[in-house]
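These are the residues of each chain, in order.
4 protein chains.
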Amino acid sequence: MADHPRSPVDAAERETARLEAFSDGVFAIAITLLILELKVPPMDTADLRAALLARWPSYLAYLTSFGTVGVMWLNHHRIFSLIKRCDHTTLVLNLLLLLGVSVVPFPTALVAEHLGHPGERLAVTIYASVSVVIAVAFTALWRYVSSRRHAPPLMHVSADSRVVRTTNAQYRWGVPAYLVALAIAQWSPRASVILCLTMVLVFLFRAPVPDGDPAERLA
Amino acid sequence: MADHPRSPVDAAERETARLEAFSDGVFAIAITLLILELKVPPMDTADLRAALLARWPSYLAYLTSFGTVGVMWLNHHRIFSLIKRCDHTTLVLNLLLLLGVSVVPFPTALVAEHLGHPGERLAVTIYASVSVVIAVAFTALWRYVSSRRHAPPLMHVSADSRVVRTTNAQYRWGVPAYLVALAIAQWSPRASVILCLTMVLVFLFRAPVPDGDPAERLA
Amino acid sequence: MADHPRSPVDAAERETARLEAFSDGVFAIAITLLILELKVPPMDTADLRAALLARWPSYLAYLTSFGTVGVMWLNHHRIFSLIKRCDHTTLVLNLLLLLGVSVVPFPTALVAEHLGHPGERLAVTIYASVSVVIAVAFTALWRYVSSRRHAPPLMHVSADSRVVRTTNAQYRWGVPAYLVALAIAQWSPRASVILCLTMVLVFLFRAPVPDGDPAERLA
Amino acid sequence: MADHPRSPVDAAERETARLEAFSDGVFAIAITLLILELKVPPMDTADLRAALLARWPSYLAYLTSFGTVGVMWLNHHRIFSLIKRCDHTTLVLNLLLLLGVSVVPFPTALVAEHLGHPGERLAVTIYASVSVVIAVAFTALWRYVSSRRHAPPLMHVSADSRVVRTTNAQYRWGVPAYLVALAIAQWSPRASVILCLTMVLVFLFRAPVPDGDPAERLA
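Chains as they are written, first to last, in the working numbering: chain A, 1 to 219; chain B, 1001 to 1219; chain C, 2001 to 2219; chain D, 3001 to 3219.
Check the hints yourself; a few may be wrong.
[Stated by the list, open to error] Among chain D residues calculated to face chain C with C-beta under 10 Å, some are:
#	residue
1	L3095
2	I3184
3	S3188
[Claimed, not checked] Distance condition first, Cα-Cα at most 30 Å in a straight line; then the derived DSSO-like pairs of lysine-lysine:
#	chain 1	residue 1	chain 2	residue 2
4	D	K3084	C	K2039
5	A	K39	C	K2039
6	B	K1084	D	K3084
7	B	K1084	A	K84
Don't read these hints as lab results, they were simulated from the structure. Model, not experiment: these values are computed from the prediction. Beta carbons are placed, not taken as given, at the ideal position from N, Cα and C, and that holds for glycine.
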C-alpha cells in the first residue's frame, strides 16, 4: 500500500474492499430499517399488553427478515473473502443482489400487516417470491465468480478446491427451499413464514463453508 | 502503512479512502431509504391484490431510482479507483454530488405519489431536473479531477490516457440524455420515466470504462 | 497487503475488518434512527413551548438509548481491537448482539410514548428486558472470544493477561445492573430509566479497559 | 499490516480507522435522513405546484442542515487526518459530537414545520442552540487532541505547527458565530436561518486548513 505507483494487485484489492464497504452499508441499513416496521401503540391505548401481543405477526416477520438479511451478509462475507478482483459483471450481479436485500423491508411490512387477515396468503406469497429472487441472485453471483471461465481468475481459490465444491453443494439447496416455502404459502401462510425462519436457523448453525483458519481456504 | 511517521502517499490514500467510505455510506443509505416510499396497504384492505397493483407507479419509481443511484455508485467507484489524492475542491464537488444523491428519495416519492394523477407532469419534471443536476455535478467532478491543470496531479493516470478519453466520451452523453428526459416529461411523463429507466439499463450493461484487470488502467 | 497470494494473517485481518465495518454500520444506523422517534408538533400547535416540554419522556428515552448504543459501540470497539480472527461462532454471536442493538429504537419509542401514562410500567419493563438481553449477548461474545479453549486463539492477548482480567471484572456487573433496573421498573418506571442513564454515564467516564497506548494491550 | 504480532502503530491506526468508519456512518446517515423531513403532498392535491412552493421552509431547512452536517464532516475528516491515536477521552468527546450530529434532523424538522408560523422563533432558537452545542463539542474535541499535554501525543503534527495554529485561528469563530445566529433568532428567525446557511457557504469555500499535498501537513 506504500508503493507508488500502486501495484495492480493493490488496486484490485482496493476496488474489492470498496464493493464490500458499499454492500456492508446496504446490508446494515436494510437490517436496521426493519425495526421501523414495528409500530408502537399510541399513549392512550387502554391495554398496552394486549395491544403489543396482538402484533405478534410483526415480531415474527421482523425476526425472520433480520435473520434472512443476517445470513445473507454471512454468506456475502464468506464469498468475498475468497474474491481477489471484481469485474463489471461482478459489480452488476452484486447490485442486483443488493436490490433484493434493499427490498426486504417491504414484503416484511406486508407480512407484518396482513398475517392473520384476509390478505395473508398474498402477503406471504410475495415474501417468499422475493426470497426466491434473492436466492437466485445469490446463486448467480456465486456461480459467476467461482466458474473457471475467467482469465485472470476472480478468486483466490481454484474452481475445484474443496471450499468451492462444499459451497456449491450447500448453495444448491437455497433456491429449491424457498420454492417450497412459496408453494406452502398457498396452503398455510403461517407455516411458510415458520419454514423461512427455520431455514435461517439452519443456515446460522451450519457453517456454509469449512470453518477454521482462513489459511485453509486459500490456494 | 506500518511506517512511522507515515509517508505523504499513505496519508493521501487514507484521506481518499475516507472520502470513499463517507460517500459509500450516503449512496448505501439513499439507495436503501427508497424502499420506505413503498407504502403497505392497511390490514383492513378488502382486495389486497388490487391495492398493490394500483401502486405500480411506486414500483416503477423505486426501480428507476434504485438503478440511478446504483449506476452513480458504479461510476463513483470507477472514478475514485483512478484518484490518488483529494484536494479541497474535490471534497466540495463530491459533497455537491452527494447532495444530489441524498435528494433522490424526495422526487422518487413525488413520482410514486403523483404518476397517473393531475400532478404527474410537475412530479416527473422535478424528477428529471434532479437527474440533470446530478449528471452536471458528476460531470463537473470528473472534469475537475481528470483535467491536466493540477500539479501534483489528482489521478494515477494521465489526462491523455485511453481510459480518460473513453470515460470523457461516455460522460458526454449523460447531461444531454437527462435534458431529453426533461423535455419529454412535458408531453408524456410516463415516457420520461421509462427513458430514465432505460438509461440505467444501458449504463449497467455497457461498462463505462474499459473492463479487465485494473492494472491496465494505471499509468 | 501487497503480497500475492495473500497470507493467512492478512485474510484473517481482512475478515475481522469486514465484521467491524458491518457492525459499525448497524451501530451507526441504530444510533441515528433513534432521532426519528422525536416527533415534531404540527405547525398549528398553539403553544409550541408547552407541546415540546410535554415530550420530556422522548428526550430522556432518546438520551438513554443514544448513550446505551454509544457505550456498546465503545465496548465493541475495545473487544475487537484485541481480536485477531473470527470463526463462525464469533460471527453468529456478533449477529445476535447486533439484533439486540437494532431492536433498541422499538423499546425506546415505547418508553417515549408511554412514560407518564398507564402503560409506563410495561414499557420500561420491555426496555430493561431488552437491555438485559443485550448485556447477556455482549458477555457471551466476550467470554467466547476471550476463553482459552480455542486453538488457534481468537485474540492477540492471552486469556490471563491483565487487560482480559480487568475486562472480565468490569463486564461482571453489566447483566446484574440491568436486572436491578428491570426489578426497579416494577416499582418506579422513571427511576429505572434514570438508573439506565446513570449506568451509561458511569461506563462513559470509566474506561472499561486500561487506557494508554494500544501497544500495552498487545501480547 | 502483514506482520504478526501487529505493531503498536498498526493497532493505533486501526483503532483510529474504526472511529472514523463509525463517525462516517453517523454523518452519512444523519445527512441522508434529513430528506425524510421533506413531505410529499398527497396525490389528491389540487394544485401541486402551490403545495410544493408553500413548503419553502422545508427546502431552506434541508439545505442548511445538509450543508451544516457536510461542513462538519469536512472538518472531522481534516482533524482526523492529523490524528495518530485515540485515547478514551477522544472516543467520548467524539461520541458527544456525534450526539449533536444525530440530533440535527429534529431541529431541522422543527424549523421546516414552524417557519412562517407562530412557533418559528422557538423553533429557530432550538435550531441555533443545537448548532452552538455542536460547535462547542467540535472545538472541545479539537482543543483536546491538539493540546500539548499528551504523552505520547495524539497527533502527527506538533501543537505549534502552522496547520494547528491556522486551524485554531479559524475554529475560534465557530462558537461566536452561532451565538450571533442564536441572538438574531430572537428578532428575525428567518435572518438567523439565512445566517446559518451563509456560514456553511463560507466554510465550504474557505478551506479550514492549508490546502495542497497532505505531506505538507505532516511533521
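Hints, verified against the model:
1. L3095: 5 Å, holds
2. I3184: 19 Å, violated
3. S3188: Status violated, d = 18 Å.
4. D:K3084 - C:K2039: Violated. K3084 of chain D to K2039 of chain C sits at ~40 Å, over the 30 Å cutoff.
5. A:K39 - C:K2039: 14 Å, holds
6. B:K1084 - D:K3084: 21 Å, holds
7. B:K1084 - A:K84: 21 Å, holds
Violated hints, in rising order: 2, 3 and 4; the structure is consistent with all others.
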